[in-house]
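A.B. asks: Order-wise, the sequence lines are chains S and W. Residues in the first sequence are numbered from 15 upward in steps of one, following the working numbering. Residues in the second sequence are numbered from 15 upward in steps of one, following the working numbering.
Keep in mind that a hint or two might mislead.
For chains that are exact copies, the list does not tell them apart, and a pair is met inside one copy or across any two.
Here are the simulated lysine to aspartate or glutamate pairs, EDC-like style, with alpha carbons at most 20 Å apart [to be verified]: (1) K317 to D221; (2) K339 to D266; (3) K368 to E56; (4) K293 to D236; (5) K368 to D345; (6) K151 to D266; (7) K317 to D234; (8) K179 to D378; (9) K368 to E24; (10) K339 to D385; (11) K269 to E119.
Simulated from the structure, these hints should not be mistaken for lab results.
There are 2 protein chains.
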Amino acid sequence: MMEIEQLWEEIDSRVACLPARQTGLMQALHRAAAEDILSPGEFPAFDHSSMDGFAFSSVQPGRCRVTGTIAAGRPLPLQVASGTAVRILTGACIPEGTAAIARQEDCAVEGEDVSLSPGARIAFGENIRRRGGVFRKGDILVRSGTAITPGAIALLASVGVRSLKVTGPASVLHLVTGDEVVGSATSLLPGQIHDSNGPMISALLADMGLAAESRHVPDDGDSLVNRVRETPADLLLISGGAGPGERDHALDALKSAGYAIHSSRLNSRPGKPLIFATKGPGIAFGLPGNPLSHWVCFQVFVKRAILRLHGLPVPEMLGTRMSAKIAPSRDGRRTWTPGAWDSGSGRVRPLPWKHSGDLTPLVDANALILDPTDEGTARMLIL
Amino acid sequence: MMEIEQLWEEIDSRVACLPARQTGLMQALHRAAAEDILSPGEFPAFDHSSMDGFAFSSVQPGRCRVTGTIAAGRPLPLQVASGTAVRILTGACIPEGTAAIARQEDCAVEGEDVSLSPGARIAFGENIRRRGGVFRKGDILVRSGTAITPGAIALLASVGVRSLKVTGPASVLHLVTGDEVVGSATSLLPGQIHDSNGPMISALLADMGLAAESRHVPDDGDSLVNRVRETPADLLLISGGAGPGERDHALDALKSAGYAIHSSRLNSRPGKPLIFATKGPGIAFGLPGNPLSHWVCFQVFVKRAILRLHGLPVPEMLGTRMSAKIAPSRDGRRTWTPGAWDSGSGRVRPLPWKHSGDLTPLVDANALILDPTDEGTARMLIL
Chain S
15 MMEIEQLWEE
25 IDSRVACLPA
35 RQTGLMQALH
45 RAAAEDILSP
55 GEFPAFDHSS
65 MDGFAFSSVQ
75 PGRCRVTGTI
85 AAGRPLPLQV
95 ASGTAVRILT
105 GACIPEGTAA
115 IARQEDCAVE
125 GEDVSLSPGA
135 RIAFGENIRR
145 RGGVFRKGDI
155 LVRSGTAITP
165 GAIALLASVG
175 VRSLKVTGPA
185 SVLHLVTGDE
195 VVGSATSLLP
205 GQIHDSNGPM
215 ISALLADMGL
225 AAESRHVPDD
235 GDSLVNRVRE
245 TPADLLLISG
255 GAGPGERDHA
265 LDALKSAGYA
275 IHSSRLNSRP
285 GKPLIFATKG
295 PGIAFGLPGN
305 PLSHWVCFQV
315 FVKRAILRLH
325 GLPVPEMLGT
335 RMSAKIAPSR
345 DGRRTWTPGA
355 WDSGSGRVRP
365 LPWKHSGDLT
375 PLVDANALIL
385 DPTDEGTARM
395 LIL
Chain W
15 MMEIEQLWEE
25 IDSRVACLPA
35 RQTGLMQALH
45 RAAAEDILSP
55 GEFPAFDHSS
65 MDGFAFSSVQ
75 PGRCRVTGTI
85 AAGRPLPLQV
95 ASGTAVRILT
105 GACIPEGTAA
115 IARQEDCAVE
125 GEDVSLSPGA
135 RIAFGENIRR
145 RGGVFRKGDI
155 LVRSGTAITP
165 GAIALLASVG
175 VRSLKVTGPA
185 SVLHLVTGDE
195 VVGSATSLLP
205 GQIHDSNGPM
215 ISALLADMGL
225 AAESRHVPDD
235 GDSLVNRVRE
245 TPADLLLISG
255 GAGPGERDHA
265 LDALKSAGYA
275 IHSSRLNSRP
285 GKPLIFATKG
295 PGIAFGLPGN
305 PLSHWVCFQV
315 FVKRAILRLH
325 GLPVPEMLGT
335 RMSAKIAPSR
345 DGRRTWTPGA
355 WDSGSGRVRP
365 LPWKHSGDLT
375 PLVDANALIL
385 DPTDEGTARM
395 LIL
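With these hints in hand, go ahead and build the complete structure from the sequences.
C.D. replies: Structure (structure tokens):
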């Protein structure tokens, strides 16, 4: 029986980063940069004013005639000569001959003339943002391995980056076994149940920016082997049939298709029959078909493998206090309990399930609790 | 000058939930249920076995002849008569006449017969999951106002719910002003800059499951007024022109288009010129065009309005400790600093920006810090 931490180590050591792909800026959201992203030019690209005000040719300008106005996006061939000033708006190019920009609230306008207000001072270069003052061409904007956040998108857009090399996305195939399982559009015949694992996995993957292909496979060994053999995917998930029963075909199908099995019996409740297998760079999990077990195994193990495929950091278990006690395991079987974690108090509220058919706690769960103690502490995985 | 908390109160009181829409299950992900979602039937829909084992007609069965096998999804017209047993697999219908299911590991098979292993016992109804044992028809599955998580999708799919009433999504229009601002596909002429607010807002909205329409508007008052008047949206965002300058048209455009202005001067750095306005159920923000200010105003105020439109809870400010000190404001202007919050230690690391053109801290920021004290505590908004 493998321990949870051992399986994490197996995943970390066996799942490698996917190859880099050149991707449009918006499609890179939440992917990891696959190389250092460099500034393609100077930023700002030109000297400009950081304020609405007046451009003077001297820091002691006296009374100056205003010869024109320059606004952002309206490059005018203006110069600032001695004894003159140019009205300038935020973001506008700095006219030739400018010593400094005085903020308009520091200026006094009389007719066509402007001077500094009594007591106001300006220093050379004041309120001028210089070309290249933020980034020089070739400066690193985003380091390799960094997740592309909306803020990173804004940063890259501001310097004109339109595409970049990122890792992934992984292709995922979800094979749903179980002759009793039918899609939601079908009315149930006696003995049939609706598939909930397909929609669950689609939604979980959507939260990671991935689209899953979910397909139903009949409960005979050959159909599953053929599907596994035929369909290449970076990540293969088999729903159901992970156990040792006579109609459990996942293990045999993976072996027949050439996968090496790294784990098939785990000290985890739920998740005991979880299978982890690889074939070259391909990753496969055989997941228990029970929806609770399916959800836990995805959150704890599959998500970690996807983060590894995508070159993103994997989450750590955190120490926590529970707002209500749950009994420690007495039989050595380590048990996951869904929890509602409150980032304000730092505490987690256990949401125990009544039995393995009760999906209600999943509605509100944002954490999974492990190893509760009699003292009310536990470890927790934030989802 | 309005305080930050006053503007939050304005948003909370003036932004109402959008009307409910009937939506397919997968499209409901991360929306709020707009009514209690009820179970359309009994769950489980039929009595079934929770184990692989044998169905006996008595809890003291003796040696029984195995008359057949029943698997999940294969309803066979089997009965369990006295002195006989049926091999049954997990999820299979319970044959008529069954008193209990014995787990296969508690049974001894000899030829065509089966009996309980020495010392094994079964109770009446053991390992049988009863029809309606989890939900009865009409039971509440998800309460009104609850966000539809992947777990909720699984729960609803398991009982055959294919569509539900949810709130939103909001339609969002993002108008980018600034004659100097051009799209990423355009080479820059002197004095021009690339639009970063459009991609930023698209990415931030994508994280909320929303698509933004972003359009550039020339820097004259009439174009903006016409755009604001012509284009209905639940949420209108104007980028740039929020200040009191002569080329700042946002306030006048909103007034001319019939919006009531609730705030236009805020004690927030960045964010001082932020405009909040409403027209009937329509919401508008005039956001500073500086990308840092734009990002902060979205995170602190616009996101809150979207959560309100969607009937979702708004975040609370949390007390925190900083892993490095930042100076408290000395001039009464309350200042937001981006932070990298670590859920493990509960501490936040300030990521100060060098100046208002430096977007680098946005790459890693997952929190915004407010009101730092000399003691190293602060308040924090988790993003």
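A.B. asks: Could you check the structure against the hints above and give me the numbers of any it violates, in ascending order?
C.D. replies: Violated: hints 2, 6, 7, 9, 11.
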